[in-house]
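Participant: Since the structure of chain A is provided, determine the placement of chains B, C and D on it from the hints.
Number of protein chains: 4
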Amino acid sequence: MKSFHVKPHTSEERQEFYARLEKKNTAPLWESLARLFPNEPTPASVPVLWNYTDDIRPLLLEAGRLITAKEATRRVLVLENPGIKGSSQITESLYAGIQMILPGEIAPTHRHSASAIRFIIEGDGAYTAVDGERTTMHPGDFILTPSWTFHDHGNPSDAPCMWMDGLDFPIVNMLNAAFAEPYPKDLQAVTKKEGDALNRYGANMLPVEFQPERQSSPIFNYPYSRTREALDWLYRNGRGHECHGIKMQYVDPSTGSYPMPAIAAFMQLLPAGFHGKSYRSTDATIYSVVEGRGRTRAGEILFDWKERDIFVVPSWYRTSHEAHTEALLFSFSDRPAQKALGLWREQAPIAPA
Amino acid sequence: MKSFHVKPHTSEERQEFYARLEKKNTAPLWESLARLFPNEPTPASVPVLWNYTDDIRPLLLEAGRLITAKEATRRVLVLENPGIKGSSQITESLYAGIQMILPGEIAPTHRHSASAIRFIIEGDGAYTAVDGERTTMHPGDFILTPSWTFHDHGNPSDAPCMWMDGLDFPIVNMLNAAFAEPYPKDLQAVTKKEGDALNRYGANMLPVEFQPERQSSPIFNYPYSRTREALDWLYRNGRGHECHGIKMQYVDPSTGSYPMPAIAAFMQLLPAGFHGKSYRSTDATIYSVVEGRGRTRAGEILFDWKERDIFVVPSWYRTSHEAHTEALLFSFSDRPAQKALGLWREQAPIAPA
Amino acid sequence: MKSFHVKPHTSEERQEFYARLEKKNTAPLWESLARLFPNEPTPASVPVLWNYTDDIRPLLLEAGRLITAKEATRRVLVLENPGIKGSSQITESLYAGIQMILPGEIAPTHRHSASAIRFIIEGDGAYTAVDGERTTMHPGDFILTPSWTFHDHGNPSDAPCMWMDGLDFPIVNMLNAAFAEPYPKDLQAVTKKEGDALNRYGANMLPVEFQPERQSSPIFNYPYSRTREALDWLYRNGRGHECHGIKMQYVDPSTGSYPMPAIAAFMQLLPAGFHGKSYRSTDATIYSVVEGRGRTRAGEILFDWKERDIFVVPSWYRTSHEAHTEALLFSFSDRPAQKALGLWREQAPIAPA
Amino acid sequence: MKSFHVKPHTSEERQEFYARLEKKNTAPLWESLARLFPNEPTPASVPVLWNYTDDIRPLLLEAGRLITAKEATRRVLVLENPGIKGSSQITESLYAGIQMILPGEIAPTHRHSASAIRFIIEGDGAYTAVDGERTTMHPGDFILTPSWTFHDHGNPSDAPCMWMDGLDFPIVNMLNAAFAEPYPKDLQAVTKKEGDALNRYGANMLPVEFQPERQSSPIFNYPYSRTREALDWLYRNGRGHECHGIKMQYVDPSTGSYPMPAIAAFMQLLPAGFHGKSYRSTDATIYSVVEGRGRTRAGEILFDWKERDIFVVPSWYRTSHEAHTEALLFSFSDRPAQKALGLWREQAPIAPA
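Protein chains in written order, with the working numbering: chain A, 15 to 367; chain B, 15 to 367; chain C, 15 to 367; chain D, 15 to 367.
In case anyone wonders, no lab produced these hints; they're calculated from the structure.
Being a predicted model, the structure only gives us computed values, none of them experimental.
You may find that some hints are simply not true.
Copies of one chain are not kept apart here, so a pair can be met inside one copy or by any two copies together.
[As the list claims (entries may be wrong)] Here are the simulated SDA-like cross-link-like pairs (lysine to any residue), alpha carbons at most 20 Å apart as the crow flies:
id: 1; residue 1: Lys16; residue 2: Ala194
id: 2; residue 1: Lys261; residue 2: Ser171
id: 3; residue 1: Lys353; residue 2: Met188
id: 4; residue 1: Lys261; residue 2: Tyr293
id: 5; residue 1: Lys99; residue 2: Asp179
id: 6; residue 1: Lys353; residue 2: Thr269
Same shape as in the complex, but just chain A:
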């Protein structure tokens, strides 16, 4: 098959020329062209699984003894993809970490351009506050802290709370559009009653003549109970997808679109015994196992996962899922950013060669 580019031969004459190019802040494109224009996505990030119960959780508790939430600002263990070591990222475009807040602690109020999602793994009494409203977080709840909204966390309960953070700061920072500022005080005031956003915007109603103030969902807690119920219904009343099982996306009720401009989030149910067909898509995806046990193949890698595990499948990896028991997987990706730029592709299933 014809090649996109074959790197030209080199010579002393050319090398000397290249050295003079460098002095003028230039470079020969033909020496890099193949690398800059891959035939198909070639991520440096790799598939990784993090064993929450055996590895992450003990390390988090240990971090809890070593540093306070306040001193850390955010006590988080970054899930760093070994394929892009030193980046503090889970893929080239997204960040994920596991945050813990102990009883009595607070993570002080601040805001930043990056959008963030939180997916709750453990704990029932901690809260996230966004723009004056607190929401109590329970396992399986999907929480948002939209770009440039003041947010903080606290834990008035008597047990630790752990969740997965997902942020788009790699994209924001690459565009050099990042701002951040702390709140003048440790904690913003509570100005709205808990449940306000979900009641005000989440009942298939909106306040009359509602004008969104931000490019993100006006609701910031999607409770697991509501999501689980919807998935159960689809499971019992319809056929799932041959690759994805029963899969749904979280939605901004004021637009019907993704909840944040660069981050999409999904919940999927794989029935017991599910053997999904292979698929691939350009949006690398980070999974958090909510319920059940199963196995995912990502390229040559095979992950056996169980409840609370987290794993990442990079862009365009040949992927398929199996579920030994009924399983629920939360996931998120940068699909909205790719769609906004006309770049997203998916083959589900992958057509035979």
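Facilitator: Relative to chain A, chains B, C and D alone:
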């Protein structure tokens, strides 16, 4: 002023813990938090000016003697920002290079996910072909080769043709959504007459029931004459902007929006004697001087520029322009990508402290 | 004040000319100009109140003895505005009627271009079916039968069911875009389980990669309980509008916009003792009293309304509401059609002269 | 075939009931259902042709002797469809008239909610002014006066100017959203140089960060020369449509969509000898013959038309065009209003039964 994050003190105990974190593909967020969440954009890229006449042009002609367009696939001198050496990029999110095609040469047909713009500096007889139509390129013309369209260049004239390329491959590659393929033959067939797109889509008319096939403009040559005329009109019939002079944006006539999903392009006229006020915006901008002489201040850097020079101003640099003679500046940036993600900010002028 | 147009004087010469104009299918515009271009909306429709309990209900039951639902196709008493007698319409652009279906009856399946809403007044066991799914209707439920979807009604319960229909056929017919067809059989098959749409689309989730098939909401029953709850919340946690009280709009969860292209629907709560300020808007509005007692002033007309009454306020009438007890008003209007055409105006409150 | 509705039998009992219904401002729907829900569009308007040269022009000149433009406010002969006599309309949803302004006259400045188009038939020196800019009108030019913009006409030349007006006031008035007001003086001030809008917005450029102020095109004169050129190009470089020949739509350059919210406008070229296939669409269309001679079949009616004739084809009529010589037809319809409400249908060509 209260700080977003103060890096915690370190200790042997903590360092030992961090080593164990690394083994499990994790890392302590609090060690990187300040770096990942800057208070405001802190690009590593720096303001740079390339002297086309004295530096780039001679080097290009030398490259013309050292390698053929066909062997190079594209004979381009990358404008590499010394602040991000080795990246082959002019800013963290954009690429720019100067391409030359000699009389009789072709640059073979291919396509890729990245969108590209071409801004013509020299030459009157070379062409760019997109999806079966060729367009002859003249200085000041703004040419597009949209994502995934087959394109090539040729020069049937007897003089070299040089132009500035701008591509969004840094964004595409970071999202790991990049595909590329060569055309089966060196050159795609010519299936449409020259001028087709501009006549068909550029006269404030569209074919009845037109459905865009792509997320980019259906016209791919914006001739300088038409643009210059519009700018002249605005100059003689209205007040310019106190920072930007008379500035216009190229538009996709089938949407009224930017010509490509991630790249905006502009042409601005600075009247002789123009002393613009300072401004800053989150979209780093690459300028090509079409006509005239002037000076741009970017942060602490002062550029004296003349015709055909190229310079880059990174994100959020305090910028102001002066024109000694009437001057025309072409420029491009990633403004549409920033707006799609709700990130774009501009202060024009910058309010007094 | 200067006049838009003063009708010219007439003369025998002119009249003779006008007669010749008529023979050529022409007419003198200046004879009609003032009528065709009113200074402000001048509806022929007038404010009307229908006393459901004392007038409509008995007449409906009598109709129930005089004709079957099947013979009538739809057993409906049209609410005809006396200002536009003979039109079968409640305003110039909208239709409303009260439909009754008796135990054991069906209203056969058909479809038409006009969109329809149903607001349930009485009865707990009747159903509406849309595209293979039945939904049981309860008082206060807001039901949609979108344009060109097959729909029918049935009543397997042992009590009559009455509801208000609202349709946009005046708009559809004026545009001469109306199609209609019966289903081959009396009743379409039931292919989905009851509750499917609300579970599938109404939980702030959507099936992954959901593509709407129609320009209307994918959910077709907005239960009163859910709406009442949202309104209660807003009532207890915020200030209502000085004219509208606590007012919310029903929303298409797949767009965040109105549930149908030409019809908006609202529910508003007026606290006991509410004395609203005067307002006016270009969208004539039809109200159905769900709970409570109050009074509405529309121009010079004063309506004392109680539960189950229906009343209409034409376009641009100076309107204000009072509530003697806590009151809930359902309403609908053509606001989306007006907004789509750039025509909607509201003054709430009306600024002092 | 099964019927949508069969009108029930009547009886004395039922008639007496209907009389009591009327007293309570109600009516039996089943007596009107079939009329209100036609199987397919059944316009009362009929196909009509107006012979401009032999009929309209002489009558206009006579009107010119009988009344001044100022006294008439607008000296226009309404093209009134005999199928809807007394409506002052050409179709149920649109208005058309032929306006004449004599040398030295003015048609005073005013504004109204209705949008208007003007298609110039005769004359070269008259102008239309919109929001402070005058544009000189030439035959074949397509002029807009958007909703609520102050507009007026004048004729400083020495020959009369005649043009076809098209307005959407039937839609605006039916929605009862109509406002109108005269300008305080006879003529608004000229604040922009002629050609400003077209230069500023029509060159595939827009002023940087342009925000549309209205829901209509920012350009208000689409010169015939530019449109003719585009059509010629498409004619010589591609195949036309088997029903429509070479047909293009006028476009708002700031959106890529129709130039006004409720009115679409088109120009089509039928090559000499063109024999188009039959088609039908729900948007009734008004044609003005710019060049050439031909014949249009609309249902059972056959029109032989020549230059300057105007004819109307109502909704859903089986239509086909023939051209004896090369012919250019301007046309307009309410297609955008129909599309906004999800109602537009076209069969082109009509599939065999």
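Participant: It remains to establish, for every hint, whether it holds in the given structure.
Facilitator: Hints, verified against the model:
1. For a Cα distance limit of 20 Å, the shortest separation of Lys16 from Ala194 across copies, 12 Å, qualifies, whereas the shortest one inside one copy, 48 Å, does not.
2. For the homomeric pair Lys261 and Ser171, neither the shortest alpha-carbon distance inside one copy (33 Å) nor that between copies (37 Å) is at most 20 Å.
3. In this assembly of identical chains, Lys353 and Met188 lie within 20 Å of each other by CA distance both inside one copy and across copies; the values are 18 Å within and 14 Å between.
4. Taking the shortest Cα distances, Lys261 and Tyr293 sit within 20 Å of each other inside one copy (14 Å), while across copies they are farther apart (43 Å).
5. Taking the shortest Cα distances, Lys99 and Asp179 sit within 20 Å of each other inside one copy (19 Å), while across copies they are farther apart (32 Å).
6. In this assembly of identical chains, the alpha carbons of Lys353 and Thr269 lie at most 20 Å apart whether taken from the same copy (16 Å) or from different copies (17 Å).
When the structure is compared with the earlier hints, a violation turns up for hint 2 alone.
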